[in-house]
Each structure stands twice: as structure tokens, then as C-alpha cells.
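Those protein sequences? They're chains B and C, same order as listed. For the first sequence, the working numbering gives the first residue as 9, with consecutive numbering after it. For the second sequence, the working numbering gives the first residue as 18, with consecutive numbering after it.
The set of hints was computed from the structure by calculation and includes no laboratory data. Take every hint as true, because none was put in to throw you off.
These stretches of chain C come out as covered by chain B in the derived footprint (C-beta under 8 Å, 3 or more residues):
{"no.": "1", "region": "83 to 93"}
{"no.": "2", "region": "97 to 111"}
{"no.": "3", "region": "150 to 159"}
{"no.": "4", "region": "224 to 235"}
{"no.": "5", "region": "239 to 253"}
{"no.": "6", "region": "318 to 326"}
Some chain C residues judged to face chain B by a derived CB distance under 10 Å, without partners named:
{"no.": "7", "residue": "M18"}
{"no.": "8", "residue": "A21"}
{"no.": "9", "residue": "S75"}
{"no.": "10", "residue": "T76"}
{"no.": "11", "residue": "H78"}
{"no.": "12", "residue": "G80"}
{"no.": "13", "residue": "Y329"}
{"no.": "14", "residue": "Y330"}
Every residue, glycine too, gets a C-beta built ideally from N, C-alpha and C.
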Amino acid sequence: MTSLPTNRSNTKLGLVIDLDICVGCHACAVNCKEWNSGGHSAPMTDWNTYSGTENKDGEDAGAWGVWFNRVHTFEVGKGQESKTVYFPRSCLHCDEPACVTVCPTGASYKREEDGIVLVNPDTCIGCKLCSWACPYGAREYDETDGVMKKCTLCIDKIYNENLEEIDRVPACVTTCPAGARSFGDLGDPNSDVSRLVEERGGYDLMPELDYRPVNKYLPPREPKENILDNEESFSIVSMAENVNNTHTADNSILKWVDTLLSR
Amino acid sequence: MHPAFSVIIFTSLSGAGYGSLAILGALKYFDFFVINPLLGFLSSMIAILMVTIGLISSTTHLGHPRRAWRALSQWRSSWLSREGVFAVLTYFPGSIFCLSFLIPGAFDEIINVVCLLTTVFSLGTIYCTAKIYSSLKTIRQWNHQLVMPIYLIIGLFDGAILLLVLLAVFDSSQSFRFHYFIICLGTLAGLAKILYWWSIDNADSKSNTSTATGLGTPQEGVSMLDGPTTSETFIMREMGFVIARKHSRRLRLIAILTLSIIPISAVYLIAQDPMLISQIILSVIAIVFSYFGTIIERWLFFAEAKHVSMLYYGATKV
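All chains should be modelled from the sequences, with the hints used to inform the complete structure.
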């Protein structure tokens, strides 16, 4: 049923993505693809994977395919003051997901028990309207299967009792080498993720559209005050000047030469 | 937005078909003039045919056309589903209406209800089609108050012109009030489009790269340094269409000329000149130009629509 559930539980499973920590390695996107190639929305098909000359896919020469997670790179500000921010983007499992309500077949739905937004590949007709309704570009159409696919929050991993409890988190969270991604219940104000959002000022993407995304982003931290101007602090120049004193001091021959030449 | 050809054909052809069914139903219900049985049968038959071709065309862009029947199930929340329901519903009174001209007297008891339902369901279908687009908050050029009236006006205008051609061929003695009704619709269509274009050109989106990423202020500037892939993604292909945008000024002019000015001039001349042969020629000119104009208008409707997700792909403004 594409009407939103009326008896929602308070559980809102989602991700918190720390833009201060993300190093832009794309490992989350790659492991997402890897896990989900065998998961709920499998397969995640690709076209022109190895060649830019196959004609199957029309005029586009590049390889392309279905991904649930994409890492963008943004520049904030200009010139010396600018920051480079890596920005992973995936389904935000919104509280008001228009992608669900526009679905004419009931294939798209929001789960009552945990708020995860899913697509039933058996009833999806591939009309692509849900992708138009999503402001975050989270849904991708699979040309081969003729159905829409999207992030499942690794529903087949987070509830999988055959896995160690520590592994029952989405693949992107498991794999992030920097610890920039956290998973948990954002509906519970006392959960680790909710406290993290509280502490760090986590925010919604495009709040003006009122989709009320569950996933939150944590802003990059402000740089420490003018680190180079502070004489007390670390400086490459003074380190270079002090190399003499630290390294040559122990070598007796050099010390003797130094004494000799200093006369 | 990428203009899917099948969807453009659907909205323009079915719009005209439903428009002409709506007008036929109203003409008969209010007894504006006696519809000649051959004219009534042919025009409603052609309208139903156009609607059907449009509907079939719209299923060709689906990934699973054979599952299309499922789209009738979610009318509680989805405008696309409601459109499907209305489209199917229209067939019932529509075909009885068509048959009533073939078998005179057979449906006399229910003909008023049939006419009314034909008109209401036809207008309902066009209304739902427009709402599919105008309800999307992600595209400000679609989420606009004029989108729904424009769909209705153009549908009725194209539908009326179809009747005009058949009137010229089968029943040229008819009242000229109908001609002025068409001229009004055509003028309204042109004015509404001009107002719409002026409005979308002079409005700003609430969304920008700062709200999309939550990084920095619009003054500081947030720009894409690197995309997520080296080749195109589905989102870039579906939402990032720009080919027609650079020609949009010229295409807008062509749309206004062909959709509105040329057809209403032709209809005006028909109203002035009762000669049968010139009526036929002019009404054919009117229909060819107005349908061409509608297709250009629909093409622009898609090509000029900017989806907010493009802010993640280097768009600085939507």
C-alpha cells in the first residue's frame, strides 16, 4: 500500500553521516554494491562494464549501472578559505516520502515497524515516477530488470541472525574505514546516533521540501583558530631549524668537525 | 527533465481525445445544437481511438507494461493511479455515448447521465494527468498553479478543433458560436502559457546547493568539485536533460504561434467564410498546427523542468 503507514512505531532506523570524518574513499559505495548484488534488490546490473565501445547501450560510451550510494565531492567557499567536503548520498528513508505516495502500484512502501522505504520488485511496473518525486536522487532504475531500485538499509543484513551482532549494520557502515557512518534508531532520543546528532548539530538535507529525512548529516568541524599564526604551536620552519640540534648532536665525529670549523 | 517521447504523445493525444469527449458530452447534455448522428459517432469514435493510442503509448515507457493493470490500485495516494482509474472509467460512458449515435433511441433513458459522466470522467482524467506533474515538489516549474489549468485548456482546445474538422466535413451549417468558443480557448491557452513562462522565469527555487548539502551559505558558495562517477548515472540521464533548453526562447515563440495564434486565426476565418471548401482547408490547417504546437509545448514542459536532485550534480540553480 503506498499510503504511508498510520500506525507507525517510534523506531526510525537510519544513518548518520559525519562529513568531518569522511575521506571520500568510496568504500561505502563499493561495499554497498557488493552486498546488495546478492541482497533484497539483487542483482544490481551494470552496462558496458568493461568496454566503452559496446553499442548495446546506445550512444553513451561509459560504463554505468545501478548504485544505491554515491560519493560526491563539494568545494565550500572559494580560494584559501575553501574546504573540500566528501559527501556520500543515498536514500534518507524520509518520514514523508513522496516517492512512496506517488507509486501507482503499491510496489513502493514504507515499513510500519522501522520506517525503512523499500520497493517490491515483483509489482513495480518501472514507471520511474518515484525517481521524479525523490529530491535526493536516491532511486535508480534498472534497465535490465525494468524496475526501480534503491537503498534497503541492508534489510537482509541488519536483521540477519546468522551474523554476529556487531555485523548487523548496513554494509556501508561495516566497511567505512574512517568511522564516518553510524547506524541506529533515530526515533529513540537516547540512542547513540540521536545523541551524536544532538552533540554535533546533525541536520536534514533540503529541509525546505518537508520530506523529513531520517538520515542525518554531521557538519565538518570548524578549523582550529589560525594555527600558523600562533608562535606556541607547531611550525614546520622551526622544526627544520632544529634538525641540527637533535640529530647531529649524537654523532661525535660530526661534533668534532663542527668544533674544528667553528674556530 | 528528460522528455520521454511516449509520455509527450500520451499527454497531447489523450488530452485532445478526452477534451473532445468532454465537449461532445456537454454539447449533447446541454443541447447546444443537434449533433448529426454520423458526426457524433465518428467524432466520439476518433476521440476514443486517440485516447487509446495515447494510453498504449504511455505504457511503452514502462519497464513492465504487462503489469500496468496494477497501477489502478493506489488511487488513495497516487495521482498516476487516479489517472489510470479515470481513464478506464471514461471508456464505459464514452462507448455508450458513441453507440447511442449508431443505435438511435436505444439509450434514451440514460443518455443524460451518460453524457454527464463522459464529460466529468474525461475532464477528471486530464485533471489527474496534470496533477501527476503539479504535485511534485521536486520540480518548481511543474509545482505551479497554472500547470493544471493549462492541461485542461489545451486538452479542450485540441479536442474542440478535432470536432471543428469533422463539423466542417459533415455538418458545415452549424452554429458559429462554437467557433468563438474555440477562439476563446485558444486565446486562453496562449495567454496562460505566456503567463506561465513569465512566472517560472521570474521565480527562484527555495532549494540551492547550500540547502541540498547543508554546507556553507549561498554567499560562500558550494560547488561540485567532482562527481561520484566517471560516466553518466540514471539520475543524470533522467533529470539532467538540457538539449532543448538553449533553444527554449525560440521554441516558446514557435509554440505560441502554432498552438494559439495560427489555429485561432484559421478558426476566425472559418467563422467569417461559410464556403465549404475553405472551411475544410482552414480547419485542417488549424488542427495540424495546434497539435504540432501542443507537442512543442509538452516538449518544453519537460525540457525546461529542472529537478532539485541536479544540485548534487553540478547545477547551481534549479
